[in-house]
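*Asks:* Residue strings, one per chain:
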Amino acid sequence: MKIAITSKRLNYRYQIECADKGVVGVYGISGSGKSSLLDAIAGYHEDRLGIVEYNNKELKGIIKCCYMSQHPILFAHWTVEENLQFALTHTSQNSKDKDQLVQRLGCEKLLKMYPNQLSGGEKQRIAFVRALLQIEENSLVLLDEPFSALDKKMRKIALDLLEQYKQSCLILLVTHEIAELYQVADALLYIKNSTVSYQNSIEMAMASGHESLPVASTVTIDGQPRIVFAEDVSIALQKNPESSISYQLESHITALQTQTNVTLVKLSYSNEEQFIYARLMTDSIKKLNLFAGKKVFACFKCSNFMD
Amino acid sequence: MMSIDLTSLWLSFKLATITVIILLIVGIPLAKWLAFSKHKSVPFVTSIVVLPLVLPPTVLGFYLLGLMRNDSWLGSLFIQLTDSQLIFSFTGLVIASVVYSLPFVVQPMVNTFNNIGEDTVKTAQSIGADKRTIFWKIILPLSKKGIVSAAILGFVHTLGEFGVVLMVGGNIPNQTRVVSIEIFNHVENLELQQANQLSLILLVISFAVILWMNFNNKNTPILT
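Protein sequence lines, in the order shown, are assigned to chains B and X. Numbered according to the numbering used here, the first sequence spans residues 1 to 307. Numbered according to the numbering used here, the second sequence spans residues 308 to 531.
Calculated from the structure, these hints are not laboratory results. These numbers come from a predicted model, not from an experiment. Any given hint could be a false lead.
Below, computed lysine-lysine pairings styled on DSSO-like, alpha-carbon distance capped at 30 Å [stated by the list, open to error]: (1) Lys-60/B <-> Lys-429/X; (2) Lys-429/X <-> Lys-64/B; (3) Lys-64/B <-> Lys-438/X; (4) Lys-345/X <-> Lys-64/B; (5) Lys-429/X <-> Lys-96/B; (6) Lys-64/B <-> Lys-347/X; (7) Lys-438/X <-> Lys-123/B; (8) Lys-429/X <-> Lys-2/B; (9) Lys-451/X <-> Lys-8/B; (10) Lys-112/B <-> Lys-452/X; (11) Lys-109/B <-> Lys-451/X; (12) Lys-8/B <-> Lys-96/B; (13) Lys-345/X <-> Lys-57/B; (14) Lys-429/X <-> Lys-166/B; (15) Lys-123/B <-> Lys-347/X; (16) Lys-123/B <-> Lys-452/X.
Derived list of chain B stretches under chain X, where covered just means 3 residues or more per stretch with a C-beta under 8 Å from a C-beta of chain X [what the hints assert, rightly or not]: (17) 65-73; (18) 79-92.
Pair ranges (Cβ atoms, derived) [claimed, not checked]: (19) Gly-120/B <-> Asn-523/X: 36 to 46 Å; (20) Lys-321/X <-> Gly-106/B: 29 to 39 Å; (21) Lys-451/X <-> Gln-100/B: 48 to 58 Å; (22) Asn-421/X <-> Ile-51/B: 24 to 34 Å; (23) Asn-421/X <-> Lys-192/B: 30 to 40 Å; (24) Pro-448/X <-> Arg-9/B: 31 to 41 Å.
Where a beta carbon is used, it is the ideal one built from N, C-alpha and C, also for glycine.
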């Protein structure tokens, strides 16, 4: 996908290049222009100048896409069932797919209800089901904080569903939950002042430390890839069997990057193939006499990962 | 005496019903255009539509008279087609009523359409619905209450019109002597009892209709 667009009225300038498949995370502080980026791609801005290209086709005007806005819009005169049915008449998916999604997201009891009878979270679930139902081969999926009102369990289910669909389409996902982005996204856009201030693959973005992007790495724990943030990692010179911290990876320091009183330490483990980061006070670096090449233990709690 | 009174009332109802039907057919597409179009002429057309709301009925009636008199293009065309004159006829009255009640029907409909919001329309467009589907399956059903209100408002307003009718319709029994004119005649002839009866009927009907509307439609503004 290639985007090079501007708007005088909304004062944005977006320049983006990314693959035509997969999940692209969109991150930035509120008011930075994440939603207006999605709106612009959907074709909602009449004064948009420039081009949006997807699968080598130029997109003009309001395009057919799976758009889910921050405040999901359901049609008030229809029941939930009828709302979903309306989406079904415009997609190649069938009512079996609908039933499956409804069941996965626990929406069976909502089908007969009208949108004004639903809570915020229920609306989001229905809108998410509708967005997924619209997905066809090479669809463009624009999700603007789609899970903000969902609980942890639902978010997990929703993210798993995104993983399922991402092989066949391009998903742009706006969220404030950076851990979820790191987990599900293939690439990341960092939006600031209505421009893309940083874009890269998710691995590079996680290690970049760019502005408010927290540094993190993926660690496989019990066969599952988990996101471990640098600020959750500490360093010990010796393994401590008397600690509650169960993850104490034998590793050695490959790089140190000091920014006044905080230092980012890059560590490699399991035959130099894997990396993990630790964010420490610079004083601690001096106290422990840490330097590149030194053998240490990277320690982190993993109770966060227990579902 | 009583039978003539009912004739005028019946005539008013007939006029109001036909006027509202025409206004729905003309008004819905017009209101849709005014609400959703971004064309430069929208403020201009809106102003024309709203004009009968602020113009004295006599002024409006005067211009309509000019439009419908026998030597005008419309008047003479009507004579050629039907062999009867447009002025002082029921048909002429219908044309005048449509113009006069236009803002009362179109304005609430524009408001209802605007209330639906661009986001709803855009959502439907993103889903892949074409313009016709969006209008018939989404905009129209969502506007049902507003359109019913608009129609009722147009109906009651046409029932009560006086000045314009007097200007273009005259005072012909069974043709153009609607109930408001009849009441005026009664008062002129000092037949206060008859005037009282008819006025009371109109008062009760109008109040009942507006009361019903307010019960059913709390969010739709009655006056625009």
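*Asks:* Confirm or reject the claim that Gly-120/B and Asn-523/X have a C-beta distance inside 36 to 46 Å.
*Replies:* 29 Å, violated
*Asks:* Is the hinted pair Lys-345/X and Lys-57/B satisfied, with a Cα-Cα distance of at most 30 Å?
*Replies:* 28 Å, holds
*Asks:* Would you say the C-beta atoms of Asn-421/X and Lys-192/B sit inside 30 to 40 Å of each other?
*Replies:* For Lys-192/B against Asn-421/X, whose Cβ atoms are near 35 Å apart, the range 30 to 40 Å holds.
*Asks:* Taking beta carbons only, do three or more residues of the region 65-73 of chain B come closer than 8 Å to chain X?
*Replies:* As far as the region 65-73 of chain B goes, the hint holds, because 5 residues have Cβ atoms under 8 Å from chain X.
*Asks:* For Lys-123/B and Lys-452/X, compute the direct alpha-carbon distance and say whether it is at most 30 Å.
*Replies:* Between Lys-123/B and Lys-452/X the Cα gap is close to 24 Å, so the pair holds against 30 Å.
*Asks:* For the pair supplied as a hint, Lys-123/B and Lys-347/X, is the alpha-carbon distance within the 30 Å limit?
*Replies:* Outside the cut-off at roughly 37 Å; violated.
*Asks:* Does the alpha-carbon distance linking Lys-8/B and Lys-96/B stay inside the 30 Å limit?
*Replies:* 45 Å, violated
*Asks:* Below or equal to 30 Å on CA atoms is what counts here, so check Lys-429/X against Lys-166/B.
*Replies:* 24 Å, holds
*Asks:* Please check whether the region 79-92 of chain B has three or more residues whose CB lies within less than 8 Å of a CB on chain X.
*Replies:* holds (count 4)
*Asks:* Quickly compare the C-alpha distance for Lys-429/X and Lys-2/B to 30 Å and report which way the hint goes.
*Replies:* 23 Å, holds
*Asks:* Could one say that the CB atoms of Asn-421/X and Ile-51/B fall in the range 24 to 34 Å?
*Replies:* 32 Å, holds
*Asks:* Does the beta carbon distance between Lys-451/X and Gln-100/B stay inside 48 to 58 Å, or does it fall outside?
*Replies:* 34 Å, violated
In summary, the numbered hints that this structure violates are 9, 12, 15, 19, 20, 21.
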